[in-house]
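**Student:** Single-letter residue listing:
Protein chains: 6
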Amino acid sequence: MTHTAASGIAAFTFEMGVLKRLRRSGWWQVGVRDPESVAEHSLRVAQLAALLAAEEGADPARAAYLALWHDSQETRITDLPHTARPYLTKPDNVAVTKDQVAPLPEAAAATVVDAVTEFEAQETPEARCARDADKLECLVQAVEYRHSGQDGVQEWIDSSYAALTTDVARRVADAALTQSPMSWRG
Amino acid sequence: MTHTAASGIAAFTFEMGVLKRLRRSGWWQVGVRDPESVAEHSLRVAQLAALLAAEEGADPARAAYLALWHDSQETRITDLPHTARPYLTKPDNVAVTKDQVAPLPEAAAATVVDAVTEFEAQETPEARCARDADKLECLVQAVEYRHSGQDGVQEWIDSSYAALTTDVARRVADAALTQSPMSWRG
Amino acid sequence: MTHTAASGIAAFTFEMGVLKRLRRSGWWQVGVRDPESVAEHSLRVAQLAALLAAEEGADPARAAYLALWHDSQETRITDLPHTARPYLTKPDNVAVTKDQVAPLPEAAAATVVDAVTEFEAQETPEARCARDADKLECLVQAVEYRHSGQDGVQEWIDSSYAALTTDVARRVADAALTQSPMSWRG
Amino acid sequence: MTHTAASGIAAFTFEMGVLKRLRRSGWWQVGVRDPESVAEHSLRVAQLAALLAAEEGADPARAAYLALWHDSQETRITDLPHTARPYLTKPDNVAVTKDQVAPLPEAAAATVVDAVTEFEAQETPEARCARDADKLECLVQAVEYRHSGQDGVQEWIDSSYAALTTDVARRVADAALTQSPMSWRG
Amino acid sequence: MTHTAASGIAAFTFEMGVLKRLRRSGWWQVGVRDPESVAEHSLRVAQLAALLAAEEGADPARAAYLALWHDSQETRITDLPHTARPYLTKPDNVAVTKDQVAPLPEAAAATVVDAVTEFEAQETPEARCARDADKLECLVQAVEYRHSGQDGVQEWIDSSYAALTTDVARRVADAALTQSPMSWRG
Amino acid sequence: MTHTAASGIAAFTFEMGVLKRLRRSGWWQVGVRDPESVAEHSLRVAQLAALLAAEEGADPARAAYLALWHDSQETRITDLPHTARPYLTKPDNVAVTKDQVAPLPEAAAATVVDAVTEFEAQETPEARCARDADKLECLVQAVEYRHSGQDGVQEWIDSSYAALTTDVARRVADAALTQSPMSWRG
Numbered sequence: 005m006t007h008t009a010a011s012g013i014a015a016f017t018f019e020m021g022v023l024k025r026l027r028r029s030g031w032w033q034v035g036v037r038d039p040e041s042v043a044e045h046s047l048r049v050a051q052l053a054a055l056l057a058a059e060e061g062a063d064p065a066r067a068a069y070l071a072l073w074h075d076s077q078e079t080r081i082t083d084l085p086h087t088a089r090p091y092l093t094k095p096d097n098v099a100v101t102k103d104q105v106a107p108l109p110e111a112a113a114a115t116v117v118d119a120v121t122e123f124e125a126q127e128t129p130e131a132r133c134a135r136d137a138d139k140l141e142c143l144v145q146a147v148e149y150r151h152s153g154q155d156g157v158q159e160w161i162d163s164s165y166a167a168l169t170t171d172v173a174r175r176v177a178d179a180a181l182t183q184s185p186m187s188w189r190g
Numbered sequence: 005m006t007h008t009a010a011s012g013i014a015a016f017t018f019e020m021g022v023l024k025r026l027r028r029s030g031w032w033q034v035g036v037r038d039p040e041s042v043a044e045h046s047l048r049v050a051q052l053a054a055l056l057a058a059e060e061g062a063d064p065a066r067a068a069y070l071a072l073w074h075d076s077q078e079t080r081i082t083d084l085p086h087t088a089r090p091y092l093t094k095p096d097n098v099a100v101t102k103d104q105v106a107p108l109p110e111a112a113a114a115t116v117v118d119a120v121t122e123f124e125a126q127e128t129p130e131a132r133c134a135r136d137a138d139k140l141e142c143l144v145q146a147v148e149y150r151h152s153g154q155d156g157v158q159e160w161i162d163s164s165y166a167a168l169t170t171d172v173a174r175r176v177a178d179a180a181l182t183q184s185p186m187s188w189r190g
Numbered sequence: 005m006t007h008t009a010a011s012g013i014a015a016f017t018f019e020m021g022v023l024k025r026l027r028r029s030g031w032w033q034v035g036v037r038d039p040e041s042v043a044e045h046s047l048r049v050a051q052l053a054a055l056l057a058a059e060e061g062a063d064p065a066r067a068a069y070l071a072l073w074h075d076s077q078e079t080r081i082t083d084l085p086h087t088a089r090p091y092l093t094k095p096d097n098v099a100v101t102k103d104q105v106a107p108l109p110e111a112a113a114a115t116v117v118d119a120v121t122e123f124e125a126q127e128t129p130e131a132r133c134a135r136d137a138d139k140l141e142c143l144v145q146a147v148e149y150r151h152s153g154q155d156g157v158q159e160w161i162d163s164s165y166a167a168l169t170t171d172v173a174r175r176v177a178d179a180a181l182t183q184s185p186m187s188w189r190g
Numbered sequence: 005m006t007h008t009a010a011s012g013i014a015a016f017t018f019e020m021g022v023l024k025r026l027r028r029s030g031w032w033q034v035g036v037r038d039p040e041s042v043a044e045h046s047l048r049v050a051q052l053a054a055l056l057a058a059e060e061g062a063d064p065a066r067a068a069y070l071a072l073w074h075d076s077q078e079t080r081i082t083d084l085p086h087t088a089r090p091y092l093t094k095p096d097n098v099a100v101t102k103d104q105v106a107p108l109p110e111a112a113a114a115t116v117v118d119a120v121t122e123f124e125a126q127e128t129p130e131a132r133c134a135r136d137a138d139k140l141e142c143l144v145q146a147v148e149y150r151h152s153g154q155d156g157v158q159e160w161i162d163s164s165y166a167a168l169t170t171d172v173a174r175r176v177a178d179a180a181l182t183q184s185p186m187s188w189r190g
Numbered sequence: 005m006t007h008t009a010a011s012g013i014a015a016f017t018f019e020m021g022v023l024k025r026l027r028r029s030g031w032w033q034v035g036v037r038d039p040e041s042v043a044e045h046s047l048r049v050a051q052l053a054a055l056l057a058a059e060e061g062a063d064p065a066r067a068a069y070l071a072l073w074h075d076s077q078e079t080r081i082t083d084l085p086h087t088a089r090p091y092l093t094k095p096d097n098v099a100v101t102k103d104q105v106a107p108l109p110e111a112a113a114a115t116v117v118d119a120v121t122e123f124e125a126q127e128t129p130e131a132r133c134a135r136d137a138d139k140l141e142c143l144v145q146a147v148e149y150r151h152s153g154q155d156g157v158q159e160w161i162d163s164s165y166a167a168l169t170t171d172v173a174r175r176v177a178d179a180a181l182t183q184s185p186m187s188w189r190g
Numbered sequence: 005m006t007h008t009a010a011s012g013i014a015a016f017t018f019e020m021g022v023l024k025r026l027r028r029s030g031w032w033q034v035g036v037r038d039p040e041s042v043a044e045h046s047l048r049v050a051q052l053a054a055l056l057a058a059e060e061g062a063d064p065a066r067a068a069y070l071a072l073w074h075d076s077q078e079t080r081i082t083d084l085p086h087t088a089r090p091y092l093t094k095p096d097n098v099a100v101t102k103d104q105v106a107p108l109p110e111a112a113a114a115t116v117v118d119a120v121t122e123f124e125a126q127e128t129p130e131a132r133c134a135r136d137a138d139k140l141e142c143l144v145q146a147v148e149y150r151h152s153g154q155d156g157v158q159e160w161i162d163s164s165y166a167a168l169t170t171d172v173a174r175r176v177a178d179a180a181l182t183q184s185p186m187s188w189r190g
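From first to last, the protein sequence lines are chains A, B, C, D, E and F.
Numbering-wise, the first sequence is residues 5 to 190 according to the working numbering.
Numbering-wise, the second sequence is residues 5 to 190 according to the working numbering.
Numbering-wise, the third sequence is residues 5 to 190 according to the working numbering.
Numbering-wise, the fourth sequence is residues 5 to 190 according to the working numbering.
Numbering-wise, the fifth sequence is residues 5 to 190 according to the working numbering.
Numbering-wise, the sixth sequence is residues 5 to 190 according to the working numbering.
Pulled out of the complex, with its shape left as it was, chain A reads as follows (with noise of 0.2 Å):
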């Protein structure tokens, strides 16, 4: 590998750390005063994505990886809560993720580039189980923080629920409703 390839991915990486401290925006309009990273929410996002395709036949590591790129580009745009949609257009995440990879050599750039292509056009399995798992997720984390004492999440739990196009997603939202954040201490 070329020192310029090497010096792109490290370039790269130090833009996804970004996704570290960046905090998911519309828990502050819950109250949240600190809420999770984006990262944070990535990272379940992509473990409950290989979840829902290992029950609904699809490949679990594919939609994993769909879900691990689905928010990247946050990077440079942040995370834009409902309330800014009727001031700003959505952007283009593929235009985005396309920008950011520039610096990557060509099969880096490709995997990512393909990841997030396929996640935007949700048309595989793989591609509904990583958007079922973005939605799932909010969800979940809408539980923990009721757990937590905030009030006011059931809109986050709402918009979430309806999102949900898969039969299995329904059925773990409808069990995370019912059941504590800490059943898996059995």
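Calculated directly from the structure, the hints in this document are not laboratory data.
Note that the Cβ used here is the ideal one computed from N, Cα and C, for glycine as well.
It is possible that part of the hints are untrue.
The list that follows gives simulated cross-link-like pairs (lysine-lysine, DSS-like), each with its CA atoms no further than 30 Å apart [to be verified]:
no.: 1; chain 1: F; residue 1: LYS94; chain 2: D; residue 2: LYS94
no.: 2; chain 1: B; residue 1: LYS94; chain 2: E; residue 2: LYS94
no.: 3; chain 1: F; residue 1: LYS102; chain 2: D; residue 2: LYS102
no.: 4; chain 1: A; residue 1: LYS94; chain 2: C; residue 2: LYS94
no.: 5; chain 1: B; residue 1: LYS102; chain 2: E; residue 2: LYS94
no.: 6; chain 1: E; residue 1: LYS102; chain 2: B; residue 2: LYS102
no.: 7; chain 1: F; residue 1: LYS94; chain 2: D; residue 2: LYS102
no.: 8; chain 1: C; residue 1: LYS102; chain 2: A; residue 2: LYS94
no.: 9; chain 1: A; residue 1: LYS102; chain 2: C; residue 2: LYS102
Residues on chain C that point at chain A, a partial pick, calculated with CB under 7 Å [as the list claims (entries may be wrong)]:
no.: 10; residue: LEU26
no.: 11; residue: SER29
no.: 12; residue: ARG80
no.: 13; residue: THR82
Given the coordinates of chain A, work out where chains B, C, D, E and F should sit on it, guided by the hints.
**Tutor:** Same frame as chain A, now just chains B, C, D, E and F:
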């Protein structure tokens, strides 16, 4: 899907949520008061694993997938720093994972256990890319903390670098050590 | 005052509360994990606007007043960093403000819209002082983050400095760049 | 402007920066681990002062201006909670302000001292609106902390409400106590 | 004192500084994003140990002293939650302490080792008061987190209560469970 | 123990919990956004007091005990920075303590008042070790903040050093100023 299966996925998802709060403990020893979470670390490890795999001719999605679960055991055992080694025997991550996935339906459980087993065995190119990504992410984060003023990160840089096994990862590390964390901004 | 008017003021006040939680997003790109809020920025912009106006022979209270509302639209559209510009058209702040003040009684609504309109038009000395204060506050904060160890703030200093339009603001910037953030302690 | 004057404004601006870090101490007694800063409080007090003045037929910009400086002394004396009163005599805010503005050029110094003096005297409608805004902001914040799960805020609501002097402020308080902090989202 | 002795005390003091950053990990499982540090816990344990000892007719200063060091090993092994127990053998705190005090001069080393040894042996009234204080502090903190809106703390209350061995501690726990965390404000 | 006594201990314990949230205010003036709590400071002061006493031939447990309570009054009066001195008369810590312990049963109240009284009088070796530990802890923390990139801590180092009264403390300070905060890791 049965309600039991859905409830199991929900419980496991809540458990993964602990990774959003769990801090990377080594940085406390360096002096960082509010270090990044294990989830934040893991997301970038998965992203980096994909990039390394793309350049190594391995499967990016698979490498990312192994990375996605590589620290997921820490919900139960936390992130143990190197200083704990003389006093604690390293837990068996596959065993922890098997307990964690107990509530999951069969296909979901299998995909997670397989990923952790493959990562721990370190016999496939994807496993090696994921492990190199784990070390490289730590090195990149050390550079970022140094950029934020933190002294004393050199030991983390050195031990991460020494553990790298692929030429690609070493070259990215070399680049990251000499360019600015803001180099992506052009 | 009718209950509807009082309720409108209460709702608008709750909306302004979002500014207390919303972070200044550019600093995340520099590497600051926990940057100041938009409210914290805005308060010092207003204070600085008054000081600049006093020295420029403009009305300090009016300049401060324009500054007080200059980022108030960000409750809905958040703080967009420069990197978003190629992908998003800048929203019309007066239009956002008009939607925000819709629940306010007439006099209250008018005073806010007038202030935002005057600030955006940049035709009065007070508007110019407020805008210079906005840039100067960013420069001063950059110096403070550098004092706390953060590297990479120079771009923010340079772009803020370049945007200053009054001689007074430039001289204060020159001073801030060469003296300690603790110089006030004597 | 002389360099001494510019340097004085820079020093004073650095001092005002302490308000961005200083926390409102009363909330620690209630149980809030990470309460808002004095700067965050002050910004909304200034915004509220303008709204109250608009409805009271007073000057919104002037009322906001008095609010802008009403806690600026706390850079030196911090935010003293009510429990300190039996042990400490309340400092003279005008005296503190005069020391703070010592490095400022004459016009800048005068505008700040005049504002603090007018606020402390409580003889103008604008001073009364600013003081009511101070109390009302505290009440609204108490409602917001309660919305985030915090118990024990009633004492802050009651004492803030009891201190209100204008009918407009009381009516806004009544509304804030019965509607959701998210009511602005429509 | 030799320079080696002074340097050893300095090194040990820096090590104890890690307790200021280390978080109490169990609360992450409950859902608390920013829980208190081990140092914050330890201080109140020491204070409570003194109060319990005073009422039990034991030596308050000695009981507090044992509490002061009871978690000091966690600089190296961190705070392991209950869920780690099936996977990790509990480290020997006296052994960790002996390694920690290695750089200290003799008298200083001995006083710390003696305190940890006495606490671990649980044979003196002071050791029992210190251990009860450890459990009681956790219970009181659980009540405080519940007061801040956090659900799911009951398990921590129950297990802490069950571990109490003195009648005094149980009576204080009974009181803490039924009165407000703000009861001290009168 | 009567219920009144138990309830008094519980109330006092809740009051001490405020120390876990209260920040050390001087660091805000230096530029530290999230400084350590008074509880975190106090724990290490107590540990250091014991080490100094061990080397001075004084009673380590007694010295630690005095340190344990030396800032406990700050639940009511907060941590006043040096800049407040011209405007506020220093409160009488023994008087504050007597009010704080009012709900405690007799023996518990006496042990706290005795400790604060002995510390304030500064007539015993243990009181001097505790006070030196207070200053030394501040100096060590300043070194740690400098290690994390913070500039401007020299004034804190100098004033802490100048206040040291024992040779042992001065030698430890000398060592702390020249070795790394990570020197304990070997």
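**Student:** LYS94/A and LYS94/C were given as a pair; does the straight-line alpha-carbon distance stay at or below 30 Å?
**Tutor:** holds (12 Å)
**Student:** Is LYS102/B close enough to LYS94/E, meaning Cα to Cα at most 30 Å?
**Tutor:** holds (22 Å)
**Student:** Have a go at the SER29/C hint: is there a Cβ in chain A nearer than 7 Å to its own Cβ?
**Tutor:** holds (5 Å)
**Student:** Holds or violated: are the alpha carbons of LYS102/A and LYS102/C at most 30 Å from each other?
**Tutor:** violated (36 Å)
**Student:** Holds or violated: LYS94/F and LYS94/D, Cα atoms, limit 30 Å.
**Tutor:** holds (12 Å)
**Student:** Hinted pair, alpha-carbon criterion (30 Å max): LYS94/F, LYS102/D. Please report holds or violated.
**Tutor:** holds (22 Å)
**Student:** Given the hinted pair LYS102/F and LYS102/D, is their Cα-Cα distance within 30 Å?
**Tutor:** violated (36 Å)
**Student:** So, as I understand it, the hint says LEU26/C touches chain A; can you test that by seeing if any CB pair is closer than 7 Å?
**Tutor:** holds (6 Å)
**Student:** Per the CB criterion, is ARG80/C less than 7 Å away from chain A?
**Tutor:** holds (4 Å)
**Student:** Checking one constraint from the list: CA of LYS102/C to CA of LYS94/A, max 30 Å. Satisfied?
**Tutor:** holds (22 Å)
**Student:** Given a cut of 7 Å on the nearest C-beta pair, is the interface hint for THR82/C held or broken against chain A?
**Tutor:** holds (5 Å)
**Student:** Hey, LYS102/E versus LYS102/B, does the alpha-carbon distance stay inside 30 Å?
**Tutor:** Not OK: LYS102/E and LYS102/B at ~36 Å, beyond 30 Å, violated.
Hints 3, 6 and 9 from the list above are not met by this structure, while the remaining hints are.
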